[in-house]
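So the protein sequences, as listed, match chains A and B.
Residues 263 to 373 in the numbering used here are what the first sequence lists, from first letter to last.
Residues 365 to 481 in the numbering used here are what the second sequence lists, from first letter to last.
Here are the simulated lysine-lysine pairs, DSS-like style, with alpha carbons at most 27 angstroms apart:
1) Lys304/A - Lys421/B
2) Lys304/A - Lys469/B
3) Lys469/B - Lys319/A
4) Lys341/A - Lys469/B
5) Lys319/A - Lys330/A
6) Lys304/A - Lys325/A
7) Lys304/A - Lys435/B
8) Lys435/B - Lys360/A
9) Lys321/A - Lys304/A
10) Lys331/A - Lys469/B
11) Lys354/A - Lys435/B
Selected chain A positions facing chain B (in silico; Cβ < 7 angstroms):
12) Lys304
13) Pro306
14) Thr311
15) Phe363
These aren't lab readings, by the way, just hints derived from the structure by calculation.
All of these numbers come straight from a predicted model, not from anything done at the bench.
Positions of the beta carbon are idealized from the N, C-alpha and C atoms, including for glycine.
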Amino acid sequence: EDQVTQSPEALRLQEGESSSLNCSYTVSGLRGLFWYRQDPGKGPEFLFTLYSAGEEKEKERLKATLTKKESFLHITAPKPEDSATYLCAVRKIQGAQKLVFGQGTRLTINP
Amino acid sequence: NAGVTQTPKFQVLKTGQSMTLQCAQDMNHNSMYWYRQDPGMGLRLIYYSASEGTTDKGEVPNGYNVSRLNKREFSLRLESAAPSQTSVYFCASSSTPGQGATNEKLFFGSGTQLSVL
Numbered sequence: 263e264d265q266v267t268q269s270p271e272a273l274r275l276q277e278g279e280s281s282s283l284n285c286s287y288t289v290s291g292l293r294g295l296f297w298y299r300q301d302p303g304k305g306p307e308f309l310f311t312l313y314s315a316g317e318e319k320e321k322e323r324l325k326a327t328l329t330k331k332e333s334f335l336h337i338t339a340p341k342p343e344d345s346a347t348y349l350c351a352v353r354k355i356q357g358a359q360k361l362v363f364g365q366g367t368r369l370t371i372n373p
Numbered sequence: 365n366a367g368v369t370q371t372p373k374f375q376v377l378k379t380g381q382s383m384t385l386q387c388a389q390d391m392n393h394n395s396m397y398w399y400r401q402d403p404g405m406g407l408r409l410i411y412y413s414a415s416e417g418t419t420d421k422g423e424v425p426n427g428y429n430v431s432r433l434n435k436r437e438f439s440l441r442l443e444s445a446a447p448s449q450t451s452v453y454f455c456a457s458s459s460t461p462g463q464g465a466t467n468e469k470l471f472f473g474s475g476t477q478l479s480v481l
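With the rest of the complex left out, here is chain A (with noise of 0.2 angstroms):
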C-alpha cells in the first residue's frame, strides 16, 4: 500500500535555529514528490517538485532534496513568517492524477 509519512508532527524552533522536516514514502513507481506549504485558513500553496533521487530545490530559506526512501525539507535560520504546516506528497508514475499527502508538520517560529 502507497504510505507518505511526515515527522515530526510538530515542530518549535527559535528564530534563527535551522533544522529538517522528514517525509517518507513507499510508492511503487514515483513520478515525483511535491512540498506545499499551508497557512492556517487558507489552502496549499506549492513549493518544490522533486523527480529523482539527488535532485534539490532551493527557494530562500528553505531547501528539499530527495533520496529513493525520502525527502527531507531544510530551513536555514528561519523567521516567524515560515510558521505553517509544511505538507509532502507523492505522484505515481501509474495513476499519475492522484497526488498522495502526508499529515503534515506544523512548524512554528518563536521569535
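Position chain B relative to chain A; hints supplied.
Quick look at chain B alone, frame taken from chain A:
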C-alpha cells in the same frame, strides 16, 4: 488573478440535508480535484476530473457525487449529509499531470469548512 474560487467558505448542515460545493478556476486547467482535510489524516482525494466530460473516484468517494459542468467548474454534492462528512473541503486544479514539470503542480482554493450536526 482569482485562481481557484470555492463557495461557500463556511456551511453548517443537519444530518440528511443536501448541498453542493462550487468550484471554479480561471487558469484554463484541464484537471480538477476535490480533497477533504481532517486532523491527523492529511488531504484525501474524493473525486477528480482529468478533463472536461470525465470524472473518476479517488480514495474516499462514498457519500459524494461530482459534476464537471464545463472546463472552468467542478462541483461536489453531498446528497444526504452525515456527521462523518464534517471536514474542510478543498478544490484544486492543474494543467495536465504527466506531461511535463510545469503541468504537475496543483493550485488550491481557500477551502470550505463544513459541519454536519
